[in-house]
Amino acid sequence: MNDSGYDYSVVRGFAYSALFWLVVGLIIGLWMAYELFDPSLNLTPWLSFGRLRVVHTNGLGVGFGLSGIFATAYYMLQRLTRTPLPFPRLARAQMYLFNLIIAAAAVTLMAGMNTTKEYAELEWPLDVGVVIMWVMFAINVFAILIKRREEQMYISLWYLIAMTVTIAVLYIVNNLEIPVTLFKSYSIYAGNNDANVQWWYGHNIVGFIFTVPILAMFYYFLPKATGLPIYSHRLSIVSFWSLIFAYLWTGAHHLMLTPLPEWIQTVAIAFSIFLIAPSWGSVVNGYYTLQGNWEQMRTNYLTKFFILGITFYGLQTLQGPLQGLRTLNAFFHYTDWVIGHVHMGTMGWVTMIISASFYYMIPGIAGRELYSIRLANIHFWLILVGQITWTITMWIAGIQQGAMWKATNPDGFLMYSFLDSLTALYPYYRMRFAAGVVYFAGILIFAWNIFQTVRQAPQTTETAEA
Amino acid sequence: MGINSKPLLFAVVSALVILVGTVVTVFVPMFMPSTQPVSRFVKPYTAIEQEGRDIYIREGCNNCHTQTVRPLRTEVLRYGEYSKAEEFAWDRPFLWGSKRTGPDMNRIGGKYPDSWHYKHMQSPQSMFPLSNMPPYGWLATNKLDTSNSYRKCEILGYGYSEAEVQQQIADYKQRVTSPEYDSKATRDLVTPPALQGELTEMDAIIAYLQKLGRDVKAMEAQP
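Chain order of the listed sequences is L and B. Residue numbers 1 to 466, in full-length UniProt numbering, belong to the letters of the first sequence in order. Residue numbers 1 to 223, in full-length UniProt numbering, belong to the letters of the second sequence in order.
Please keep in mind that the hints were generated in silico from the structure rather than gathered at the bench. Idealized CB from N, CA, C, for every residue including glycine. Do not take every clue at face value.
[Said to hold, decoys possible] Covered stretches of chain B, going by a simulated chain L footprint (3 or more residues, C-beta under 8 Å):
| hint | stretch |
| --- | --- |
| 1 | 2-9 |
| 2 | 118-132 |
[Unchecked claim] List time: in silico BS3-like cross-link candidates among lysine-lysine, alpha-carbon distance up to 25 Å:
| hint | chain 1 | residue 1 | chain 2 | residue 2 |
| --- | --- | --- | --- | --- |
| 3 | B | Lys119 | B | Lys211 |
| 4 | B | Lys211 | L | Lys184 |
| 5 | L | Lys406 | B | Lys119 |
| 6 | B | Lys84 | B | Lys211 |
| 7 | L | Lys147 | B | Lys6 |
Modelling step: build the complete structure from the supplied sequences, incorporating the hints.
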């Protein structure tokens, strides 16, 4: 094995996959957003909202999010251990398998092969594929950590280890099912237990895909991009362990006021409130890192991606626990407010951090400057304005919807029919579509900028011996 | 810290740390009967209702419709009695959902006649011009596949013999194709002539919807 030369081919492959699934997932998102105020777009069973919604969530959450995570993980692992990838061929095979699974997921979900468990909708043969793919990733993660030439593991590596371990546990436990045919299976859990397992999974898959590895990127690429060391190592240690400890108790805040035993709901509320502390530990660590260098928000095009990204993370982690409180949950749950909440995290925090990480990483491995900083700035403003308009529109829609569901006349009867509460939302749904278009334009510029950067790159010599 | 230079130890400790909350809030409740109480009044789905449930799953109805009425005054006013744990003892997977783009379904059974559902599934906009629900008329053009019905009921532990499953299918077919069926006119309107003497996917999903919330009435009627 060569001592120098890191293997970046798999980093590039996953980065391109991320951009591809990002564009595809957003097109589906726009289509669905339109369907919600114009149902004539439900042209065929394959394009009906009920089937497309899971293609959207899987395509972006897994197709885009996870391939962005794999791209940056393979990069950070090699840089932080100063060790070339131990099994580059295995990593490339994992990349092909990953894309095959996502493509098969899109096709089978559109065909209605769907277990309904949110973010675990894939039928059992694809679940088996996912587990194999994850093991292939984990082999490289632990092999490179064992062979590493850097004694201390940096913060980002802790988060990557936690992700690798936790996703494996979550995915296997929630996808235990008994096959009926190749395309149909039933959960081994029933009723309350199925719900409890599902939301333990659902909450933590968000935690360990949309939080933990994104924090790994944040802790690595923020200091790299700004040239400033992380403010407090101790704070990052406390934040890490308390975050991964508390996260797993909170799934039932998705099941407030359902028939799930009340004590599980109450424990979930308590730990949700506690989670504000470790979440804000990272937020504070990020802000203080910039101490005395805030002019970088103007002078360094990458800094604002990271700082706005961590700000949305901070808002997200305040909003989440508050929504878990019974009284507020009774009002907001099942409304479009929650859709706004989720999209602040995904369109704000996750996409901002992955964008900036790619902007830092890809020119580096391509061996040249970014194609256009100006375009990167336009990308930033479009996705910022698009996302904020999108989420605020949905919050207002959710408040109106929740209020209309609860409104009663002086005689005690309901003031609005369900249909009244739906049709009142159409103006918001149109607004949301428009905001989505703005956001999508920003993403197209992002993809174009990366494409141009790579296309014009000279042949890189940085390839490891296989 | 020493652990930061020991990756395998780090992984093991991380796994233990994440398992504490998991064991307490998820694994332990699985072995407590109080987590999922059962009631003799809540019956398993019939083979046809189960096929309908699987179509509900296939079409992702749960993405817009919840199946749990919360113990809140306006919610009970709108939908009916709030949901009880016992009602879900047979539900694999659970279908509570997380978003109400459409109304809750947990008390839909018996609320409208079958004819209402045939018409509404065919074209929600024909009944509610401003509804955004996708039309599902095409379900009536698909003959219901019952080839796995027995295997499904067997896996789900419903306790029916193969003959009982066949009988349930035959009985339901008899019911909806009979001239006596109270929703026959509407069913014939949405079902292509070639399938009017067969069971369709539309028949099954309506059978499922009509089952929802039915048993809880008997359960609640107990002193």
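Going down the list of hints, with the structure as the test:
Counting residues of the stretch 2-9 of chain B whose C-beta lies closer than 8 Å to any C-beta of chain L gives 4; at least three are required, and the coverage claim holds. Counting residues of the stretch 118-132 of chain B whose beta carbon lies closer than 8 Å to any beta carbon of chain L gives 6, which reaches the threshold of three, so the coverage claim holds. Of the supplied pair hints, the one linking Lys119 (chain B) and Lys211 (chain B) holds, its CA atoms being roughly 18 Å apart against a limit of 25 Å. This hinted pair checks out: Lys211 (chain B) and Lys184 (chain L) have alpha carbons roughly 22 Å apart, not beyond 25 Å.
A hinted pair counts as satisfied when its Cα atoms are at most 25 Å apart, and Lys406 (chain L) with Lys119 (chain B) does not qualify at roughly 29 Å. A threshold of 25 Å between alpha carbons decides the hint, and for Lys84 (chain B) with Lys211 (chain B) the separation of about 15 Å falls inside it, so the pair holds. Taking the CA atoms of Lys147 (chain L) and Lys6 (chain B), the gap is about 11 Å. The hint holds against a cut of 25 Å.
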